[in-house]
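The whole structure should be built from the sequences, with the hints applied where relevant.
Protein chains in written order, with my numbering: chain A, 1 to 278; chain B, 1001 to 1315.
Warning: the hint list may mix true and false statements.
What the hints assert, rightly or not - The calculated label-pair distances, taken between Cβ atoms and stated as ranges, are:
{"hint": "1", "chain 1": "B", "residue 1": "1229", "chain 2": "A", "residue 2": "110", "range": "37 to 43 angstroms"}
{"hint": "2", "chain 1": "B", "residue 1": "1054", "chain 2": "A", "residue 2": "113", "range": "40 to 46 angstroms"}
{"hint": "3", "chain 1": "A", "residue 1": "200", "chain 2": "B", "residue 2": "1009", "range": "35 to 41 angstroms"}
{"hint": "4", "chain 1": "A", "residue 1": "83", "chain 2": "B", "residue 2": "1010", "range": "48 to 54 angstroms"}
{"hint": "5", "chain 1": "B", "residue 1": "1139", "chain 2": "A", "residue 2": "112", "range": "50 to 56 angstroms"}
{"hint": "6", "chain 1": "B", "residue 1": "1010", "chain 2": "A", "residue 2": "110", "range": "35 to 41 angstroms"}
{"hint": "7", "chain 1": "A", "residue 1": "170", "chain 2": "B", "residue 2": "1250", "range": "50 to 56 angstroms"}
Think of the hints as simulated: they come from the structure by calculation, not from any bench.
Every residue, glycine too, gets a C-beta built ideally from N, C-alpha and C.
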Amino acid sequence: MTGKQVKPKEYDPARIRMFSGCALLLVTLLVCFIVPILIHADPYAQDVANGLRSPYAEHIMGTDALGRDIFARLLYGGQTDLIVAMVAVIAPLILGTFLGASGGYYGGWLDTLIMRIADVISAFPFYVLAIALVFVIGNGMGSVFTAIAIVSWVPYCRLVRAEASRIKNLDFISAAKMGNLSDLRIIINHVMPNVMHQALTYAVTDASANIGVIVTLSYFGMGLVPPQPDWGQMLSEGQQYFANGDYYLIFFPALAIIIASFAFSLIGEGLNVDKETR
Amino acid sequence: MFQRFILPTLKRLVTLIPVALGVCLLTFLLLHVAPGDPVRLALGDKASAEAIATRRHEWGLDKPLWVQFLDFVVGIFHGDLGDSITLNEPTATAIAQRLPPTLLLMAGGTLIGIVLALPLAILSTKKIGGFFDEFMRVFVALLQGIPSFVLGTFVIILFGLQLKWMPVGGYGTTLMDHLVSIVLPSITIGIGLIPVLFRGFRQAILDSLESDSVAFGKAKGLPDGLLKRDYVIRPAAVDTVNLIGLQLGSLVGGVVIVENVFAIPGMGNLMMSAILSRDFPLVQGVVIVFAALVTVIYLLTDICYTALDPRGSMS
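Structural data, given as structure tokens:
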């Protein structure tokens, strides 16, 4: 490095970003899971006479067209969205890491085949394929998981494959081969643990992207469907009324979405700092 | 010329063949395993078994699956994507009408994205690790988490409903109308692109700051402004073309969402309405065309990159 040297600091901004991300996520999770129990919130209780009221003492975020409490729906919606976003990371992480590790380890035709399949998947714009998949499989939480798994394993696979083909000739792999371990066992027990770190880092950013996918799908009436409360669907319901200036209906769900994905991408930003030079 | 451009381009095209076939196969299978019989959907519940059988035969649905797939692929190469069930016209015609708004939107969005992200990146690299740089990294992380439909809603509220500068949806009929009505959607897409573009620009500038040529230019005693312009920003621009190309690919997906938020009658809008009416051939056609669009963009990016960077060669 010949240019300007980075000023040494007693605190590391990347760490601060990561910890504030973690804290924000923790608070969001706690609020979504603990508060409903404390206040006995009911996201389904209708009270049409008090429908579409802007925030007041009894309903601090107002009520929707059916008189349901927006705060309660926000909290329950958060439970669904956050859990789905985090769980949906697991399948593509495992699938992508396994395929990437196998491709990198074996090389040859298997590697070519896996990478061609990856090319095919990435030829589709992300949302186009995700929407088409949910359309084909049908609505529901399961189809959101499946669609995300099919669409998002590719980056994991690419990250891991590069690492795996680098380490496959190292001594400890040769030792494992000499020990007459099966290829599958070598890949799972010896290759994968050593190439996982980048994939795990990426998984945090991916969770943030997943929130986007889930709420976008439900905004268009796909994926998670009523009566299950969900942020995207709350936003699309609220949009019918904002011409009259009733912004509170969309303001709170939008804020919730932004806070939740900000938490994940802050953590990702903090973890990513030394991986910047690709 | 032949060695540098034509040969690598041809090679690249050859490697695209299996990918193109894979795209066709995936799209084909996707909609053939989908629940719901398109024939029943087209003819309604009360259709006689005979009418259904006739229509099945007409559409070739009684042939073995692999023959249907071959027909499908051959059709694509003849520009025939089948007939839409709901629109009473060939899918290809419907898509061709909806393509221009989508392309316009992509161009506008990319332009605004670059105009916003480049100055921010230059400012932020003035002092690496300085206050503005740190602020931008957090800001970019925040922006990255905002789904484009939320961003679009904010843009509609701010510019359309509060400031009343622009129409909030629709596409109009004249060219002027079109241009005015894509301003807000383009702003939405542009803002959405800031995180990736900013990070890319910043990294590219950092890389070229560290290069030997900058040290050399400094040693020559070049004035700071000239050094920045010719030795830092210009080489960084080359890397950036590559980045923009790759982003355009993923940008296509965001366009789908934004078109629907602003009711722009483009391909994304067509896809959503096809999905709502369960118009299988139309969905299939739109998905294929989207994939083709992305592939062409990647290919053009590769070609531009080779043309701009004398060291680069396509792989």
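Tested hints:
Hint check: residue 1229 of chain B to residue 110 of chain A, Cβ distance near 49 angstroms, so the stated range 37 to 43 angstroms is violated. The hinted range of 40 to 46 angstroms is satisfied by residue 1054 of chain B and residue 113 of chain A, whose Cβ atoms lie roughly 41 angstroms apart. Distance hint check: the CB atoms of residue 200 of chain A and residue 1009 of chain B are about 38 angstroms apart, consistent with the given range 35 to 41 angstroms. A beta carbon spacing of about 50 angstroms between residue 83 of chain A and residue 1010 of chain B agrees with the range 48 to 54 angstroms that was offered as a hint.
About 41 angstroms separates the C-beta atoms of residue 1139 of chain B and residue 112 of chain A, a value inconsistent with the hinted range of 50 to 56 angstroms. Look at residue 1010 of chain B against residue 110 of chain A: about 27 angstroms separates their beta carbons, and that is not inside 35 to 41 angstroms. Between residue 170 of chain A and residue 1250 of chain B the C-beta distance comes to about 34 angstroms, which lies outside the given range of 50 to 56 angstroms.
Hints 1, 5, 6 and 7 from the earlier list are contradicted by this structure; the remaining hints agree with it.
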